[in-house]
Every structure is written in C-alpha cells, then in structure tokens.
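Here the UniProt record's numbering is used: the first residue of the sequence shown is 1, the next is one more, and so on.
One or more hints might be untrue.
The following label-pair restraints were derived from C-beta to C-beta distances [unchecked claim]:
1) D464 to R70: 50 to 58 Å
2) K282 to D31: 35 to 43 Å
3) E64 to R484: 17 to 25 Å
4) P460 to V156: 53 to 61 Å
5) T499 to S478: 25 to 33 Å
6) V445 to S478: 34 to 42 Å
Mimicking DSS-like on lysine-lysine, the simulated pairs with C-alpha atoms at most 30 Å apart in a straight line are [unchecked claim]:
7) K198 to K321
8) K285 to K181
9) K362 to K282
10) K285 to K189
11) K285 to K383
12) K363 to K282
13) K362 to K321
14) K282 to K198
15) K181 to K282
16) K198 to K285
17) K189 to K321
18) K363 to K322
19) K148 to K189
20) K181 to K280
In case anyone wonders, no lab produced these hints; they're calculated from the structure.
None of the values given here were measured: they were computed from a predicted structure.
Note that beta-carbon positions come from the ideal geometry of N, C-alpha and C, so glycine has one too.
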Amino acid sequence: MARKGSRKVRTGCLTCKIRKVKCDEGKPHCDRCVRTGRKCDGYATPEELGLVSVRPRQGFQGIETVDEGRALQFFCEIAGPFLSGATDPYFWTRLVMQFSNFEPAVRQSVVAISTLYEQVQADPEPKVRLQDSRLALRHYNAAIRELKSMDNQPLVLLVCVLFICIEFLQSNREAAIEHCKHGIAILEKIGPDVPWVKEYLVPVFRRLSVFPFFFGNDTTNFPNLVALESPSPASFSSFSDAHSMMDGTFSRTLQLVRQGDPYRLGTSRHEAVPLQLCAKQKEIKALLEQWQVLFDSFEERSMLAATPVTEHFQLGEDYMKKMSRVFLSVRHEVCRIWSEMAFTSDETAYDVYIDNFRRLIKKCISLIITLPEGAKITATSPKFIFETGFTPMLFFIAMKCRCLETRLEALRLMAVLGVPRENLWEVSTMQALGRRVVEIEHDIVLNDLYPPTDLSSAHPLPPDEMRVRDTWTESQASIKTTLRGHDICGRLAGFFVRTDEGEINLHTEFMDEREGAPRERIRPNNPYSASMKPDTSWAQMEPSVVV
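Let the hints inform the model, and build the full structure from the sequences given.
Here is the structure:
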C-alpha cells in the first residue's frame, strides 16, 4: 500500500518535533506554536540535527563476515521496520541504523537482535536463547565489552534500549527489567537536554518504565519516573500527543498499583492507606480526567503515516485512526479502574465495572468487524514487536471482569488483536493463565477455550473467596511429562487466593499453554503438581505479573 500523506518533516522547530506534528518552519518562531500559545523552542543546529554531536570513536570498517552482512540486511528489510508495530519505525530504521555505521556497540547489538528476531519469526513457540545462536551470542558479548569502555551517556542510553530488545526476544524478564531501571537512572542523572535524546529516547523509556511494575519482584527498587515526566499539553493536535500523555499516566498508574500491593494483598490490608498514596491516586484521577477532556475535543486533522506493519496487513488510514481511538480509549478506562481499585482488597468491588468492561469489549469487537478484507495473518506476519499492544489490557479485563461471557471474549480477542509476542507479553501464556483463572473462579473445566453456548446465566458471579487476587508465572517455559506419558510445554503458574481465615496464599501448578488442551496431571516425580495446594503466603512472595 502506498504511503499516505506527505513525508515526515524532520527539520522543523524543536517543539513541533517533540510533539510529532508538522511544522511550518516560520522564523524566528513557527506560526503553529504561536497560534496554539506554545513556546517555540527554535530550531536545532545542523550538528544537532545530524546527530554529529556524538563523535564516533572509530570508523566503520565494513562487514566482517557473510553472516554478519546477512544479519544487517535482514534487520534493514524485516526486523527493524516491524519491531515498532503500528507506530513510527523511524527509531529502528533510521536512528539505530545511522549509529550502527560508526558505533561498534550499536552495530553488534543490531546483529544480535536481527539473528534472534529471525529465529522468533521462524518459530515463536520455542523460547530463543543466545546459547543457541553463536552469532547472536558473539555479537551481544562484543557489544557489552564496547559498552564498558563507553563514556558517552546518551549513546549508552541508545545501546540500553537495544539490550532490552535482546532480552525481550529471549523472554528474559529480570535482565530486561534491570536494563530498564539502568536506563531510567541514567536519564534521571543526565536529564533530557540532548535534543535527539529528548525526542527519541525519552518516549521509549517512558513506555518501557511499566515493565518493572508489571513483572518486577523488588518493590523497593522501582524506577523513579520523574525524569520521564513532561508537562501536559493544552490540547492534542495529533494521536502522538494523546499517546505520549497516556504513556506517562499509564506508568504512574502501575506505580500506584504496586505501591498499593501491601494494602490490597499484604499484611497492611486492614491498615489505613497513607495520605501520600491517596494524594497520588487523586493526581492520577485528575490526569485521566484531563486526558479525557483533551481527547474528546481532539479532531483528527493530522495524517497517520503508513508503517511496514500497517502496509503488511493492508490497513488504511481510516482504520488506523479508529484503532488508535479504540486502543487509547480502552487504555484510559483500564487505567481509571486500576487506579480506583489500587487499595481495595475486596475483589467483588470490581463488579460495579462490569458494564464498563462490556463496553470495552464491544469497542474491540468493532475493530474486528471493520477489519479490511486483506488484513489476514500469514506466515510472514510479525511474531514479535517491541511495543505493547492490546494483550495486557485484554488480560486485565479477563482477570477482573467476572461476567463469564465477557471474560471469555476478552481471552478470544487476545489472539485476534494481539501479536504472538509483544515484548514480554506472550499471548499463549496470557490466554492459558486467564483460562485457568476462569476455571478456578467459576469451578468449571474449559476443554475448549470458547464454549459454543452462553454460560453466563448458568454461572453467576463467583463469591469473593473463589476469586484470584493476582497471578504469577515463571518467565521461561519448560517441558513436563504427564501421567499418561505425554510431554507438554508450559510453565509454573501461581494464583493468589484468599483462605477461609482471610489470609492471601499463593497456589502453584504447572500450566499447559496449549489452547483447549485437555487437563492432565503431572507425574509425581516432577517438582510441581497440578493440584491446588497452598505453598506460601503473599507476604513471602510477591506477584511478578500484576493484574
């Protein structure tokens, strides 16, 4: 599909570039900023615009091996353009490739990413490992060695993003989270004063900042989000403005939820919530209300540029605008519910939002109904993207909406609207985890993920003592043998439930991730049993996947 609209202008004023809107390039101040009452920060110097302020430590000596050349070519043509999903691929296709020409650490990282991405694209189910690819392992180690001698902090930030991508591709949660924290700490130290860091890296780390809250265990070492904050705009002039503000609000919401863990799940459940946390909750509520006002008045005058992903699925501009609106609306409502329930230990309190959950699902279904005929998943469709899509929001709905029909529809939509792997979010794992929660709470067995009949009337809302508070999964899948001698691929999963005494305990079992797979018991000599037995209390082990 031909690219719609004009080419993106990258020579405009700094204010318009950061807002990702077209600049009229008026001098000394652009008319667009003046008309909207914004301060025009002027124009970057040629050195800043060309990124030549970062001096290469050595010249690019050319491709050393055929395999390396092939990996770089694959990144240019396939991996780089598709990593960004439906968002602007400029970061991967232009910025990263530009630095790879003269910075060895960037170039080595690109080769590792390309190699691992190709493995995932060939077969997304088995988890890729560096140990299985000598080429990726060699170049990742080389990039790490280069980074140790690097004193240019903005460049370190760029390489940090590439390292995070490498760990995402391997499903290495802990390593990816540590890189996220490290990058945010560097940003906090140096500040976003370098123009290209402010324009390209700060938004990336703002989106990455949610992962320590989603998947991290150490609540005492969460990243400081101050370095990622930016003033709220007076209005939205593009979808990029709306996404940027929502990204920051989403991170703050997740931070609040994790800070509320002790009062929702832990030993402080019967204590008063500190005033400081209540104040944060009110701030987030105000931000969400402000965002909604700006979004309601937003008129889609700006063009949405086509990306390799939207072209692959033949998604026109009208559909992309609708998808952006639905995505942002669903994310906003999930944030609102999440923040309001941050300190609530009674899971039945979520029932007041059932109609809200139903409306969100209807919005998602409307996307499928209006999907262009050519938008079909094929063998060449991307299996992995660096960005986050619909998967975590649909998982939240499947977890917290106790209307059986609605939550089953949310599970079904994951495979339709989600990419098999969205960074650390894996659709097959989230579907299996959500399916098991439904079985536990409704006391049913789902041999087929989507029953042909409406079961909602036969299965009323589960009582509070049946409801799963939170979930936990191992980051890596493994193979276990059933009593029937079948080898199944899955992972250890944990479910936080309330005991009769009111305590929160963690129950674990080996979870089969095959869709619609029959339930089979694991052999006793395996370390985990499929039966639900209390292993430990929440206070002893915190959830690593927050819902």
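These are the hints, each one checked on the structure:
Hint check: D464 to R70, Cβ distance near 57 Å, so the stated range 50 to 58 Å holds. Between K282 and D31, the C-beta spacing of about 38 Å keeps the proposed range 35 to 43 Å intact. Take E64 and R484: their Cβ atoms lie about 51 Å apart, and the range 17 to 25 Å is violated. Here the CB-CB span from P460 to V156 is close to 55 Å, well matched to the stated 53 to 61 Å.
Between T499 and S478 the Cβ separation comes to about 29 Å, which falls inside the hinted range of 25 to 33 Å. At about 23 Å, the CB distance of V445 to S478 disagrees with the hint of 34 to 42 Å. For a cut-off of 30 Å, the pair hint linking K198 to K321 stands: about 26 Å separates their Cα positions. The straight-line distance between the Cα atoms of K285 and K181 is roughly 26 Å, inside the 30 Å bound, and the hint therefore holds.
Straight-line distance between C-alpha atoms of K362 and K282 comes to about 29 Å, which keeps the hinted pair within the 30 Å bound. Between K285 and K189, the direct Cα distance comes to roughly 29 Å. Compliance with the 30 Å bound is thereby established for this hinted pair. For the hint pairing K285 with K383, the CA-to-CA distance comes to about 35 Å; that exceeds 30 Å, so the pair is violated. Between the alpha carbons of K363 and K282 the distance comes to roughly 27 Å, so the proposed pair stays at or under 30 Å and holds.
At roughly 17 Å between alpha-carbon atoms, K362 and K321 fall within 30 Å of each other, so this suggested pair holds. Between K282 and K198 the alpha-carbon distance is near 28 Å, which keeps this suggested pair within the 30 Å criterion. A threshold of 30 Å between alpha carbons decides the hint, and for K181 with K282 the separation of about 26 Å falls inside it, so the pair holds. Note on K198 and K285: the hinted pairing holds, with a Cα-Cα distance of about 27 Å set against a maximum of 30 Å.
A distance of roughly 37 Å separates the Cα atoms of K189 and K321; the hinted pair therefore is violated under the 30 Å criterion. Taking the CA atoms of K363 and K322, the gap is near 10 Å; set against the 30 Å cutoff, the hint holds. In summary, the hint linking K148 to K189 is supported, as the alpha carbons are separated by about 18 Å, within the 30 Å threshold. Taking the CA atoms of K181 and K280, the gap is near 21 Å; set against the 30 Å cutoff, the hint holds.
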